[in-house]
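Okay, so the sequence shown: first residue is 1 according to UniProt numbering, each after it adds one.
Worth flagging that the hints you see were computed from the coordinates, not collected in a lab.
No experiment lies behind these values; they were computed from the predicted model shown.
Just so you know, not all the hints are guaranteed correct.
What the hints assert, rightly or not - Below 30 angstroms or equal to it, Euclidean Cα-Cα: the simulated DSS-like pairs (lysine-lysine) are:
hint, residue 1, residue 2
1, 357, 385
2, 28, 99
3, 357, 379
4, 330, 137
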Amino acid sequence: MAALDPEIPAIQSAQLPVITPDVIDLVKMIDDGQSCNNIFRQLCASSLVANAASLSDLDTDGNRLLLHSMPLPLMRSLLMGTLGPHFYSKDAKRDNWTKYVYNDNHPGAYAAFLYIHHRRGAFLSQRETRQLIAALKKYSAGVKLYDDDYREGIRVFHRADQEALEFTQVIDDELRQIAHWDPADPRRYNSVERPRFATAETDRIGAASTADLNINALISMFESRCTIDESDPNNPDLDVFQLQSPIMVGNSNYMRRSLTNHLIDDHGSGSSTSKVFALTKSCLSHLGFEVKSTAIPLFVAWEDDQIDPAEVLGTVLADSRLPGHGYNVKIPGTRGSRTPTPSPAFDPAREHVFYWKAFLKNNLEQSLDELRNEAVAEKKADLAKKLTSLRRDIDEFRCLFDELKDAKRRLEDARTELRETVEAAEAQVERMQQACADADKVIAEQNEMIRFFED
1 MAALDPEIPA
11 IQSAQLPVIT
21 PDVIDLVKMI
31 DDGQSCNNIF
41 RQLCASSLVA
51 NAASLSDLDT
61 DGNRLLLHSM
71 PLPLMRSLLM
81 GTLGPHFYSK
91 DAKRDNWTKY
101 VYNDNHPGAY
111 AAFLYIHHRR
121 GAFLSQRETR
131 QLIAALKKYS
141 AGVKLYDDDY
151 REGIRVFHRA
161 DQEALEFTQV
171 IDDELRQIAH
181 WDPADPRRYN
191 SVERPRFATA
201 ETDRIGAAST
211 ADLNINALIS
221 MFESRCTIDE
231 SDPNNPDLDV
241 FQLQSPIMVG
251 NSNYMRRSLT
261 NHLIDDHGSG
271 SSTSKVFALT
281 KSCLSHLGFE
291 VKSTAIPLFV
301 AWEDDQIDPA
311 EVLGTVLADS
321 RLPGHGYNVK
331 IPGTRGSRTP
341 TPSPAFDPAR
351 EHVFYWKAFL
361 KNNLEQSLDE
371 LRNEAVAEKK
381 ADLAKKLTSL
391 RRDIDEFRCL
401 FDELKDAKRR
411 LEDARTELRE
421 TVEAAEAQVE
431 RMQQACADAD
441 KVIAEQNEMI
451 RFFED
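With these hints in hand, go ahead and build the complete structure from the sequences.
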């Protein structure tokens, strides 16, 4: 298997603080060249499932097929959480993007992540992560003050409480083009806006909000990345930039638009990104970090009923649902009711996955070869039959596409030949018309001469 640049071994270290034994096993399977069929079985038996989905939601033939459509180098990077150094820039990592990433103008599932500018896709050091945790805790304290006191009409606070409440307003302004909070306004505490993570106005005052639980889970997630002994403040490992960035997985019936809405720097609007993702970016910006965001397609859905499962599978692979190692909050694959996309709208996606990219074809062939070489049980035989049928459909699709291109070429040749024939005929008619005109002129001259002699 070709490797992504840079090559990153699956060994826990200061650079890779959150790599579990199950992830190491899955990465080893990829490195050893095992099939997607075996990898899927191992994934369903791993601890990654429990945090993101039920086994019944994951262990389906549809998800097995979707996994076959993912390039293995991308799967390895997603499992390890190293999308940052591998895909942070389309220009700097052009080969990785060109070889292992689908186009985003299709339905499917995607991943978004943050990284620090000028670090080649790396994220924070452990020492910097502690700064982020402190900021998140201060924001959380401000949210609690708003929920417990400010909404009940209290406007007089101790200095520390004032700072925490004001901190929520300053952080929320980080992503706004026009600041809402004026620190010089003497009446500013009379009009504190609801922080992004405060309870909704319809919630019962004093009750713990879902958002409050989410921010606490976010803090726990970042604390789990602090694995270096901090008893020696001069330990150089505390300043090693981590190659793992927390990941957010989403899905859409048009990924390009959704990716832009999730990006929260000069590449996108950030208009619909998750609150924990935006809060992390806001706190880092406030701390003085130049934060960038990138989003990358993971799966292209070629059927309408694949869009939600693609998000489930991506979330499991990335372990991105809190309190895991990402920014996902809701249960994946629950986009709610929507109008199904008509089947013809998926034709470009099928063409992209079946014809222009070879990931699905190659991974299916490897699994089929492996199944043929095993003493397969009845279920495996049925699976091989389904995969063979799909492989045949892909071949037929490719043949039809080639025939269509050949027919188009023949049509263009026929059009050219017809045009040349018409042009030649028109030239012949023009020459005949000229010859007739010349003959008429000669006859007229002869008639004139005859009349002359008759006179």
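Against the structure, the hints come out as follows:
{"no.": "1", "hint": "357 x 385", "in the structure": "holds (23 angstroms)"}
{"no.": "2", "hint": "28 x 99", "in the structure": "holds (21 angstroms)"}
{"no.": "3", "hint": "357 x 379", "in the structure": "holds (29 angstroms)"}
{"no.": "4", "hint": "330 x 137", "in the structure": "holds (22 angstroms)"}
The structure fails none of the hints (numbered hints given earlier).
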